[in-house]
Structure formats: C-alpha cells, structure tokens
Amino acid sequence: MKVSTMAEMMAAGTKPEVLFWVGCAGSFDQRAQKITKAFATILDKAGVVYAILGKEEACTGDPARRAGNEFMFQMMAYQNIQVMNAYEIKKIVTTCPHCFNTLKNEYPALGGNYDVIHHTQFLQELIENGKIKISDSNEWKGKTITYHDSCYLGRANDIYEAPRKVLESLDVELKEMRRCKSKGLCCGAGGAQMFKEEEKGTSRVNMERADEAIETKADFVASACPFCNTMMTDGIKNRDAEVKTEVLDIAEIIAKAIQ
Amino acid sequence: MEFISGIVFSILSVIAFYIFAKKLLTIKRNIHLGRPVELNDQPIARWKNVFLLALGQKKMFRNIPVALLHLILYVGFIIINIELLEIIIDGIFGTHRFFMPYLGVLYPILINSFEVLAFLVFVACLFFLSRRNIIHVKRLISNDLTGWPKTDANLILVIEIVLMGLFLTMNASDPSANFIISSWIKPALSNLNEHQLHTIEQTAWWIHILGIYAFMNYLPYSKHLHIILAFPNAYYASLEPKGKMHNMVAVQNEVLYAMQPELAPTNAAPPEKFGAKDVMDLSWKNLMDAYSCTECGRCSAACPANSTGKLLSPRKIMMDTRDRLETVGKNIDANGQFVDDGKSLLNDHITIEELRACTTCNACVEECPVSISPMDIIIELRRSLIMEDSNAPSEWNGMFSNIENNFAPWKFAPDDRDAWTKQS
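Chains as they are written, first to last, in this note's numbering: chain A, 150 to 408; chain B, 54 to 477.
Rather than coming from a laboratory, the hints here were simulated on the basis of the structure.
A few of these clues could be false.
Stretch-level coverage of chain A by chain B, calculated; a stretch enters the list once three of its residues show a Cβ under 8 angstroms from a Cβ in chain B [unchecked claim]:
| # | stretch |
| --- | --- |
| 1 | 150-164 |
| 2 | 209-215 |
| 3 | 255-263 |
| 4 | 298-305 |
| 5 | 312-318 |
| 6 | 348-354 |
Simulated pairs of lysine-lysine, PhoX-like, Cα-Cα distance not exceeding 25 angstroms [to be verified]:
| # | chain 1 | residue 1 | chain 2 | residue 2 |
| --- | --- | --- | --- | --- |
| 7 | A | LYS332 | B | LYS326 |
| 8 | A | LYS332 | B | LYS383 |
| 9 | B | LYS297 | A | LYS239 |
Pair by pair, the computed Cβ-Cβ distance ranges are [to be verified]:
| # | chain 1 | residue 1 | chain 2 | residue 2 | range |
| --- | --- | --- | --- | --- | --- |
| 10 | A | ALA160 | B | GLN313 | 36 to 46 angstroms |
| 11 | A | ASP307 | B | PHE130 | 53 to 63 angstroms |
| 12 | B | ILE162 | A | ASP307 | 38 to 48 angstroms |
| 13 | B | ASN320 | A | ALA258 | 21 to 31 angstroms |
| 14 | A | GLY196 | B | GLU91 | 42 to 52 angstroms |
| 15 | B | ALA322 | A | LYS151 | 46 to 56 angstroms |
| 16 | B | GLN390 | A | MET159 | 57 to 67 angstroms |
Quick reminder that beta carbons are idealized off the backbone N, C-alpha and C, glycines included.
My request is simple: use the sequences and hints to build the entire structure.
Structural data, given as structure tokens:
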C-alpha cells in the first residue's frame, strides 16, 4: 500500500492532518503489522491525509523507562522529539497504548508537545463524523465480542469508553469479562515484561486473563494494543486448544466492517 | 475526692496528648527524610480529592457491603468522639453529664444516636473480625500479614469492641439515665444498689477514657494511623494521569548535554543518585504513603503478579517501606543523625525478584482507598537497580542494546521499519 512518509510530504511541500505513529510492534511484529495495515486502510478509506515517520521513527523508550533505564528512555525521547519538532508535528495517532501514553504524558516535559490520540479514539471520531460507514451487513453483526482493556489505555489514561463505543457501532453483543474497565486484569506484557521471562509463580498472567475471556463465551476477543493482542492470543492458545477464540484488534474488526 | 480525681485525670490527659503529639512529630520528621517534591498546585482539585477519596471514601465503594460497614466504623468513630468532649470535661471538673442542662431535649437525642452508633460499631467490628478469623477473606490471611500485622488488625477491632462496651455500660449503670441501647443492659444490673452502680459507672468511665488515650497512642504504631493520614495523603495524591512516570531531570540534562555540548553549563553539578536504594531516596509522598497504608491488601488482590503466585505484593512494598523508615528513624533518634547500618530498603527488605514481577498495570494504584502508589516505589527501586547497580535480567540487557542500536526492542534492521507498507 502507498503510505507517505513525513520526509516525502515535506519534499512535496504538503503537510498531513495527522502523523500515524506506528510503533515498534506495529512496524516489525508480523501479527501487529496486520493491525497497522488495517488501520492504514481505514485512514485511506476515510480520506484522512496522514503520514508516517518511516525509518525516522524510533522506539519511544517506554520499555526501557519502565524497566528502570532512564538514560535509554531520555536518549530515545530526545531523538524522537528532535525529529517530530523538525517536522512541526501537531497531531499524532497511534495504534499502541504504550507509545500513546509516552507521547501524550511523558514527552511534553521534554519539549515534545503534541495532540496525541489513540486509534480507538480516532475511530470513534471517524464513525461519529460519518467519515467511515459501518456496513449494515457487516460480518460481526449478531456476534458476541469481549473487549480486553489495555492498562495503558484504561487505568493509565482513563480511556474506557472509546473502544467500547466503536465496537457498539457494529451491532454486536458486548460481553464484559469478570474484571473490566478500571478493574481490568493486565495481560502481563507491561512494564517491559514483554521482553523477559515471567518471574516464578503458580500461573501466567496471560493465562489467567485468557480464562476470563474464555469464560464470557464470546466469539471474539477485541484488543486495542499489539502487546495485549500477543499475550491474549498466546494465553487462549494454551487454554483453549479446540475453540480457538480469535483475538482481533479493534482496527482489524472495523476495517472488515466498513463499506 | 472529686477534686483529686480531677487533678489525676488532667495530668493523665496532658501526658497522653504529649506522648501522642511527640510521636506524630517524629513521624512527620521521618516523612520529611524523603526527597522534596512539589505537590501544592491545583488546590481545588486536591481538596476535591480530600472530600471524595478521604471523607467520602469513594474507593471503598467499589465493594458496597464492606464500604457500608466501614462507614459505620468511621462515622461511629467521629461522632462518638463528640461525646468524648463531655467525658473529658466531666473528668476534669468532676461534673456529671456537663452538657445535659444546656442541651435540654437535644441531649437524650444525641446520646441515643451515639448509643445506636456504638452498637452498630460493635456489630461491624464483630463482622470484620469474622472476615479475618472465620470467613478467611483471602487478602486478609495472606503471608504479608503473618505475625504482628495480623495481631494489630485484630487488636484494633477488639479494642473498639471493648470501648463501645464500656461506653454502653457506663450509661447503663447511671441511674439517672435511660438511653436506647444501654437500657438493654440495665436488667443485668437491676440487683445492684446505688453505691455499687456508681462504682461500676465510675470504673467504666475510667477504663473507657484511659482506653481511648491508650488507643490514641497506639495509632502511630498501627495500621490504624490511616484514620489521620488518609486525609493529607488524599490531598497530596497525584493529579497526573496514572500512566505518567516521574521525569528524572538530571538524566534528561545529561542526555541533552551529551547531544548538545554547547548547552552544558561549565559548572555542571555531578548527577544525583539515580533511583532509590533506601527510604531517604524516595519522595516524602512515598514515605507518607507508607505511613498511610492500612494493610487492607486491595492492591495485592488486584495485582496480576500477586494473583499468579509471583513474589511481588504491593502491600508488602508499603509495609517494608514503613518498617525500614521506622528503623531509620530510630537510628536517627539514637545517633542524632543517620548512621549507616549496612542495610537498605532494596535487597534487605524488598528483593529483586519482587521488583521484576511488576507489569506497571496500575491496578494497585487504582484500588488503594487512601491514595497510595506502590508502583511509584517499585519504579524508583528498579531505577536504582538498573542505573546504579547495572542489575538487569539478560533479556532486558538485550532489549536495551536493541533499542540503542536498532531503535526497537527487538533485533530488526531499522531500515525495515516501513517494510510493512510494501507487503500485500
């Protein structure tokens, strides 16, 4: 697909409405790339003029900072802010709640001030403004979906409604897990856990969460974070070898539902 | 006789309040051993938190039955303490029900409502005791509480039961009084003559007020201190989104000066210590958190690491911080200033394995009824581990070097960052 970079836009003397911050998972992880492409497809269909940083994007530093490596975080933040300020970035949308949190809450203190929104909020806006139209005969209609709250979207930033509003627009039945919204259970990936073996315990966090998702007997699990997506997929695979409840990002679900 | 007892009572009161105030000042000093941090902005939002979170106990209402019982204890505690004013005046001046003639018809209404509350407190305490000792609510029997913390919790409930019992007995043995709850006890005292009744009333009065003074002085050593500190702790609670981590300006500047040496001041101060190894390296708010903790364990019950059997328990993080801070405080009391005792919060109290299990999901912070952030302490200790001790699991070291060299936590070629645009 044709996706412009900021460099190309600048060379052509144009500016995007919004920068799509893809994030490391969205750029490199095979599963997350599908989410990235789904969201890019939606942006195209909605006629949004957007750009990516492409090779100029770098890790926000979130996992390093949460692991305790402030130096690494500050290095990455410095680099990213230099790049984005040079392009005079005003608005950013991202499909990763960790990038979202860092860009929105932590970069301002370092000189990076942008209007940052998560893709579920962006999707909600697109639907409400009629920029994208959900097909009346969309393939999710009548299905039951359970939404797994990402900690970095939910508790970290109090975003509980946008993802649910987007899913509700599909005419599906939303089934909440035992622990949801501010009580939602983590998938186990945050705080740089994604990049190391779990500590010794009696069970794995993603298994515990997978059990709660399976309990709802929903047809699909909706996620809004590439890391949650991986953790939930693995957890469900381990717990529910037969049923194979699929874990899909809200962007993927919407991409298949729009006219 | 009444004159002497008035004097004795006055002296005891002064001693009780003196010891209490002295201990509170020690706690205040201990809290200020922490790093300075400015938390005085947005007073309106802060007062709102005091009303909603502390006075209104908003977080408690995430579990309504327990919240209602706790509310009874809390309202009971505050309202019955109004009666303490009369009890103290009676004690000093040898009067008997000092306010009765002034309040007229209002007086029995007040005392009756105190009695009803006292009875409800009695019942609520029995219920809470059963949760800890019979029903065995999981978070209330966890290993975090083995030993003194478990005794502390039970002791508080038993003391409250005894105090309420004494208050009601005192009223029951007063021949001139006839109140709603204590009248239930009156039949049991019906065979006693006036002198015996008077002795019982006086004894109950003395044990009750001395019990209250003892309880007051027990507070600073107990989890029950939250009845005081919940209020300032709500005021100073973070107003930032929970996902925002505290920025380390010293490190920010180090990186800035490395990248743009022309900005570096010639007399750049050597960087501060990175992260926290001991309680003095934490902020004073972290330390106030530790003293505010009521060890209810809502944090640990919600913690994904704890509930999957990992060593980490956010409640234990808070209890360890308070224990270490008390030790440091005693060290200062004994030596005039802190003398290195070869111990620290990190390693001697909180182990690396505990810290490594945190997913930074903020569930502990969200649940805490008294505005504590155990996660903040975990992060500061992690910073010390990585930046002072270079102590990281090998996978994390790999992740750091990938970020440094490939600008992503995984080892992919940076040039492939936009490769997805070329895939079908």
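Hint check results:
| no. | hint | result |
| --- | --- | --- |
| 1 | 150-164 | holds (count 4) |
| 2 | 209-215 | holds (count 5) |
| 3 | 255-263 | holds (count 3) |
| 4 | 298-305 | holds (count 4) |
| 5 | 312-318 | violated (count 0) |
| 6 | 348-354 | holds (count 7) |
| 7 | A/LYS332 - B/LYS326 | violated, 35 angstroms |
| 8 | A/LYS332 - B/LYS383 | violated, 39 angstroms |
| 9 | B/LYS297 - A/LYS239 | holds, 20 angstroms |
| 10 | A/ALA160 - B/GLN313: 36 to 46 angstroms | violated, 27 angstroms |
| 11 | A/ASP307 - B/PHE130: 53 to 63 angstroms | violated, 33 angstroms |
| 12 | B/ILE162 - A/ASP307: 38 to 48 angstroms | holds, 45 angstroms |
| 13 | B/ASN320 - A/ALA258: 21 to 31 angstroms | holds, 24 angstroms |
| 14 | A/GLY196 - B/GLU91: 42 to 52 angstroms | holds, 46 angstroms |
| 15 | B/ALA322 - A/LYS151: 46 to 56 angstroms | holds, 51 angstroms |
| 16 | B/GLN390 - A/MET159: 57 to 67 angstroms | holds, 59 angstroms |
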